[in-house]
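**Student:** What follows is the residue order along each chain.
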Amino acid sequence: MIKDIGKYAVMFVGLILLQVLILNNIQFSGFVNPYVYILFIMLLPFTVPGYAVLGLAFLLGLSIDIFSNTPGVHSSATVLLGFIRPGIANLISSREIIEKGNTPNMKQLGFASFLKYTIIVVLIHHFFLFFAEAFSFAGFFHTLLRIILSSIFSIVIILASQFIIFKN
Amino acid sequence: MRSLFRFLLRNYFLMMFLALEAISFVLIVSFNNYQRVAFFNSSNNFAGAVYEKFSSIDDYFSLSRTNARLAADNASLRKQLQYRMSLQEQYPVNRPDTVDAPAYIFTSAKVISNSVNKQLNYITLNKGSRHGIKPDMGIIDANGIVGVITDVSPNYSTGLSMLNRRLSVPAKITKNNYFGSLVWDGEHYNTADLREIPFHIIVNVGDTVVTSGYSNVFPEGIMIGTIKKFDVESGTNFYNIKVALSTNFKTLKYVEVVQNTKRTELKTLEKNNISE
Chain R
0 MIKDIGKYAV
10 MFVGLILLQV
20 LILNNIQFSG
30 FVNPYVYILF
40 IMLLPFTVPG
50 YAVLGLAFLL
60 GLSIDIFSNT
70 PGVHSSATVL
80 LGFIRPGIAN
90 LISSREIIEK
100 GNTPNMKQLG
110 FASFLKYTII
120 VVLIHHFFLF
130 FAEAFSFAGF
140 FHTLLRIILS
150 SIFSIVIILA
160 SQFIIFKN
Chain A
0 MRSLFRFLLR
10 NYFLMMFLAL
20 EAISFVLIVS
30 FNNYQRVAFF
40 NSSNNFAGAV
50 YEKFSSIDDY
60 FSLSRTNARL
70 AADNASLRKQ
80 LQYRMSLQEQ
90 YPVNRPDTVD
100 APAYIFTSAK
110 VISNSVNKQL
120 NYITLNKGSR
130 HGIKPDMGII
140 DANGIVGVIT
150 DVSPNYSTGL
160 SMLNRRLSVP
170 AKITKNNYFG
180 SLVWDGEHYN
190 TADLREIPFH
200 IIVNVGDTVV
210 TSGYSNVFPE
220 GIMIGTIKKF
230 DVESGTNFYN
240 IKVALSTNFK
250 TLKYVEVVQN
260 TKRTELKTLE
270 KNNISE
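Those protein sequence lines, which keep their order, are chains R and A.
With numbering that gives the first Met the number 0, letter number 111 in the first sequence gets 110, and the count goes up by one each step, no holes.
With numbering that gives the first Met the number 0, letter number 206 in the second sequence gets 205, and the count goes up by one each step, no holes.
Chain R extracted, bound-state conformation:
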């Protein structure tokens, strides 16, 4: 348990640094900005109580906000993610995996379920995030294009990270 807390603390800091120092600087063609830090919320074990998930999600979003001068934008999106996570978990995986308190990673869920999980989470998060950022529905299709392109990159990076961790 203690070991797990340490592991997640390192992941929390590591993902924030990865996001603000490297991924935010990709800026490929001005359209694409992958947001991979949500992997932290995705990978929290199912045993973590709801209030802790929401609290951690808020902290994570706020940390990203402080670095990118966007107070509230990321935190609103991550809190939404923390709120709908149990629902998505029920949707994609069988009850016994959830009840055993497993971590929803690729090894536990299997590739197909994890892919579905990632796509749903990333799309909802990015959709909310980009519209919270633009704060209007003017230029709807322009924002939609940015959402789709960035989502593709985020999904690929998240899947690749799982392949690298569980390569054996």
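Note that these hints are calculated values from the structure, not bench results.
It cannot be assumed that every hint is accurate.
[Said to hold, decoys possible] Each computed DSBU-like pair below joins lysine-lysine, with the alpha-carbon atoms no more than 35 Å apart:
#1 A:Lys52 / A:Lys227
#2 R:Lys6 / A:Lys174
#3 R:Lys166 / A:Lys252
#4 A:Lys174 / A:Lys228
#5 A:Lys78 / A:Lys261
#6 A:Lys241 / A:Lys126
#7 A:Lys249 / A:Lys78
#8 A:Lys270 / A:Lys126
#9 R:Lys2 / A:Lys52
Let chain R serve as the given structure and place chain A on it in line with the hints.
**Tutor:** The following block gives chain A in isolation, referenced to the frame of chain R:
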């Protein structure tokens, strides 16, 4: 009362979610009104220090490119100096008083954080109030305008980049001196919209657009870009002009902060007009 508590306790997950979302939206909205808490932007010392550490590592990889650019800058400045000196030899003027002290002072600074892919892009510089930087100073680089300083801490400062839809800069077309305002279109990092140019004047693709100097933030004649395309929207009296920005916001590294030493004087003078 007790049933209310029981209701809240039973739905604590939903309640906590709504509370946190409410906090987030208050942050977003108050940010929209420019009422920023100093803590929440990257001019605060902790985030600034992290960015600067990383930026100093990143510098090594762009040394040769930066050198080449500085050399090119030097060459063009030397050329201008030569021209000014030759003018002075032809028409010597001797005015030893301070009335003509330069209105604008330039301070060089390094960009330690910048973005081009958001709707509201910000820029963070490694100089702050200790180096004489104050809010409302302009930021330029060798190629053209970059943005305006908004917040300052002792060692760092942040500002709106030109790629921020909340920034509007008074601009004019060099050819005929008609002025309008330049606002980013939010789409591409090297185009912006020039607004309020009446459609009875003649503009061409390739015309130069520079700062008009009316805002007292930028000196007059700082390069902004060239006209890329234009059309007239039906039912309006103004052109829709797209300007290709001359500054490359993706490779921004060294910039200059412009201080207008006579800004306070101008402001007090102009305030009289409003109060009368």
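**Student:** Are the hints correct? Go through all of them and say.
**Tutor:** How the hints compare with the structure:
At roughly 38 Å between alpha-carbon atoms, A:Lys52 and A:Lys227 are farther apart than 35 Å, so this suggested pair is violated. Distance hint between R:Lys6 and A:Lys174 is unfulfilled; the C-alpha atoms sit about 63 Å from each other, more than 35 Å. A hinted pair counts as satisfied when its Cα atoms are at most 35 Å apart, and R:Lys166 with A:Lys252 does not qualify at roughly 39 Å. Among the hinted pairs, A:Lys174 with A:Lys228 is consistent with the structure: their alpha-carbon atoms are about 16 Å apart, no more than 35 Å.
Of the supplied pair hints, the one linking A:Lys78 and A:Lys261 holds, its CA atoms being roughly 28 Å apart against a limit of 35 Å. Of the pairs offered as hints, the one joining A:Lys241 and A:Lys126 holds, with about 33 Å between alpha carbons and a cut-off of 35 Å not exceeded. A distance of roughly 27 Å separates the Cα atoms of A:Lys249 and A:Lys78; the hinted pair therefore holds under the 35 Å criterion. Straight-line distance between C-alpha atoms of A:Lys270 and A:Lys126 comes to about 30 Å, which keeps the hinted pair within the 35 Å bound.
As the CA atoms of R:Lys2 and A:Lys52 are separated by approximately 30 Å, the hinted pair is consistent with the 35 Å bound.
The earlier numbered hints that this structure contradicts are 1, 2 and 3.
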